[in-house]
Amino acid sequence: MDAKRVETVSARVDAAVSSTDSVEDELELSAVRHRPEGLEQLEAQTRFSRKELQILYRGFKNECPSGVVNEDTFKDIYSQFFPQGDASTYAHFLFNAFDTDHNGSVSFEDFVMGLSILLRGTVQEKLNWAFNLYDINKDGYITKEEMLDIMKAIYDMMGKCTYPVLKEETPRQHVEVFFQKMDKNKDGVVTIDEFIDCCQNDENIMRSMHLFENVL
Amino acid sequence: MATGVAAWLPFARAAAIGWMPVANCPMPIAPRDNSKKQDELIILNVSGRRFQTWRTTLDRYPDTLLGSSEKDFFYNEETKEYFFDRDPDAFRSILNFYRTGKLHYPRHECISAYDEELTFFGIIPEIIGDCCYEEYKDRKRENLERLQDDQEENMDLKMPNMNFRETMWRAFENPHTSTMALVFYYVTGFFIAVSVITNVVETVPCGATANQKDMPCGERYTVAFFCMDTACVMIFTVEYLLRLFAAPSRYRFMRSVMSIIDVVAILPYYIGLVMTNNEDVSGAFVTLRVFRVFRIFKFSRHSQGLRILGYTLKSCASELGFLLFSLTMAIIIFATVMFYAEKGSSSSKFTSIPASFWYTIVTMTTLGYGDMVPKTIAGKIFGSICSLSGVLVIALPVPVIVSNFSRIYHQNQRADKRRAQKVQKARLARIRIAKSGSANAFLQSKHNGLLNELLLFFFSPFLLSPCFFHSSFSLQAHEFVDEQIYEQNCLETALQTYPSRSPSVSSHDSSTRTCCSRKRKRNVPLPNTSLPTTHSTHQGPLQELSAIHIQCGDPLSHTASRSNLNLKTDESSRINCKSGRITTAIISLPTPPALTPDGDGHPPPLSIQTTTSSAGANIVKVSAL
Chain E
1 MDAKRVETVS ARVDAAVSST DSVEDELELS AVRHRPEGLE QLEAQTRFSR KELQILYRGF
61 KNECPSGVVN EDTFKDIYSQ FFPQGDASTY AHFLFNAFDT DHNGSVSFED FVMGLSILLR
121 GTVQEKLNWA FNLYDINKDG YITKEEMLDI MKAIYDMMGK CTYPVLKEET PRQHVEVFFQ
181 KMDKNKDGVV TIDEFIDCCQ NDENIMRSMH LFENVL
Chain P
217 MATGVAAWLP FARAAAIGWM PVANCPMPIA PRDNSKKQDE LIILNVSGRR FQTWRTTLDR
277 YPDTLLGSSE KDFFYNEETK EYFFDRDPDA FRSILNFYRT GKLHYPRHEC ISAYDEELTF
337 FGIIPEIIGD CCYEEYKDRK RENLERLQDD QEENMDLKMP NMNFRETMWR AFENPHTSTM
397 ALVFYYVTGF FIAVSVITNV VETVPCGATA NQKDMPCGER YTVAFFCMDT ACVMIFTVEY
457 LLRLFAAPSR YRFMRSVMSI IDVVAILPYY IGLVMTNNED VSGAFVTLRV FRVFRIFKFS
517 RHSQGLRILG YTLKSCASEL GFLLFSLTMA IIIFATVMFY AEKGSSSSKF TSIPASFWYT
577 IVTMTTLGYG DMVPKTIAGK IFGSICSLSG VLVIALPVPV IVSNFSRIYH QNQRADKRRA
637 QKVQKARLAR IRIAKSGSAN AFLQSKHNGL LNELLLFFFS PFLLSPCFFH SSFSLQAHEF
697 VDEQIYEQNC LETALQTYPS RSPSVSSHDS STRTCCSRKR KRNVPLPNTS LPTTHSTHQG
757 PLQELSAIHI QCGDPLSHTA SRSNLNLKTD ESSRINCKSG RITTAIISLP TPPALTPDGD
817 GHPPPLSIQT TTSSAGANIV KVSAL
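Quick mapping for you: the protein sequence lines, in order, are chains E and P. Following our numbering, the numbering of the first sequence begins with 1 at its first residue and continues without gaps. Following our numbering, the numbering of the second sequence begins with 217 at its first residue and continues without gaps.
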């Protein structure tokens, strides 16, 4: 993800205007355009075929003509898939998970890398990615508060149309269950190893992981 | 935005990893997207210009022509493309709609042509994006008004068999229709003028006699003026009664402004007759005579400019109201200020706030009579502020009124010009048609024998009417344009653009003529469905002919969406100049298969499972039918 070229294109509508407030003009009218790495490089780095990358990029570029997704667009797009609930919090966490270099925007490379892991990666990689998602502050530990945030975000996203109907304290209970399962040494946090171990031993989770292979 | 997110479906599904580890039960298997096949490029050939797009782009809107199987009707097997014989420029916006999800209205495009394109492709205009919707609505309204104007004009060349009452009404409304009407028109005009002048002269002091002081002429020559008045009022009464008799809807006539003016103009006289020299009410009676001045408004029947002015004022009612309101506010404010400012000074004329109103009004309108002037310094300061603000407040709504007036005035000018042209050209056309016998020449010039057969079969009634024939279906349109000037009037632009847009002539000779002027509506005969329905295969004249009809047939079958193709036979009879009415055989084509929209893309209630597959179908739906 190193060859990222950011071109600043300033559109000068009125020369007179630009001469007075040049700084503001730059900020407002400049279009940050990002061109992704070449197709071959992406092909090498991800597990997608050329055609798949083309399809993905077409969809990506359609929604984000400037080449990068910022958090609001990300939330918008994601919310359209879950109209019945409020998916913005979960989308926020997702965004942070995709934005691996934490620069506030997800470029196509980030996007495709993430997708490659999720859809075509090994179980280990997927679990790693999931852990990364849960670990909000990226410190290597999942605390109960982080888990609670994630849980609430997921429940928010599902909205009210769930079966059975969820109650208010369900997220907290769910977190408790989760921690009981995952936290082997009962130190109140879940590390990556505990997480991966526990998930690999859990049949349900393993079965679910295999479902992603059919996507795309 | 909604259209493109389908491409993000894999991402949405992948993001499900987030809740997988915390799920209590295993995830259900995600439904396989079976409908997904390899995306292919579709070539859309619109009158020679090739557009290409992905099939999925078009599938976003299954309710439209391009998104449904209806486009298979236009598929050309040999070239493996879809051929549409429509305007390529307008098609651009339509295709962009599929791509971006927003329908734009290009400003340079004619509104009715654009509407037709939309209807053809099954797109309802209501989904035009906000950026262009205002413009679209404005243009549409303008066009509609123009059409209504023209329809009213068309009434002029009415059927000969009107009864006496209708003839009279027509004579009243349009003095140019007959000599009698013209005479009547001028006579009434003359008497209005006489009446007004009498009213004015009545009050002029007539020259003093030796012993009396100056008295107005009215009191000196009472009898003469009374006779004049009586004569005028009699004429007006007769006129009013005649109009009342001839009016098609008496109740509506009585409510109309002009009739109220008429009544107000003659009423004082009758009231004066009824109550003779009763001292008590004669004062009131004198006041009533003021209303005689309203006779001058009767001139508005004679002057179009007056009517336009009245109409403008009516249409600018809100601006005028605003002007009045803001003036009132300002007057009250400044009057109060001036009153308190001038309170201190002695012998001030500003005795009360209402008294200051007069000063404020005179100052704000920059009249400045000078009968009331402020004397204190504060008063002078506020007085100057008052006059400055007056200029501003009055100047603001005036341009709006002016522009309204200008617009309406120009519209009327255009209408008048068109009317004048029409009258002259129709006369010329009749002369020409009588000379030319080109119907047979046209038939013989066609090499396609089948065309002749068909033409004879369908249009034998029309052989009597060469002009209609030529104007609609002539391929060598150019020749006819030169010969027959009337065609310019009736169908000019249609013919000139004919070579480029063959099938739409009969629907377009109506629209291209105006686009920007006027739209005709005609009943077009439709052939049987035995004619081939695709017009993309061969380009012979036969094909074009059938294509013409099919084209008109298609819209008629979309009756719900295409409302502006109800064509009247009056039209054709007029274009027909010479012969009588054309009887058209109306045959309806089978409607293209109505497409039921796909199932809604409502994601079912989630229970921690991935159901994003159906969410992808949650696309903006366009129902045209």
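Be aware that a few hints might be false.
[Claimed, not checked] Under the rule of at most 20 Å between Cα atoms (straight-line distance), these lysine to aspartate or glutamate pairs were calculated in the DMTMM-like manner: (1) Lys51(E) / Glu256(P); (2) Lys318(P) / Asp76(E); (3) Lys61(E) / Asp255(P); (4) Lys144(E) / Asp76(E); (5) Lys184(E) / Glu145(E); (6) Lys296(P) / Asp255(P); (7) Lys318(P) / Glu63(E); (8) Lys51(E) / Asp255(P); (9) Lys318(P) / Asp301(P); (10) Lys75(E) / Asp202(E); (11) Lys181(E) / Asp202(E); (12) Lys61(E) / Glu256(P).
It should be emphasised that the hints constitute simulated quantities derived from the structure, not laboratory data.
Hint numbers not upheld by this structure, sorted from lowest to highest: 4, 9 and 10
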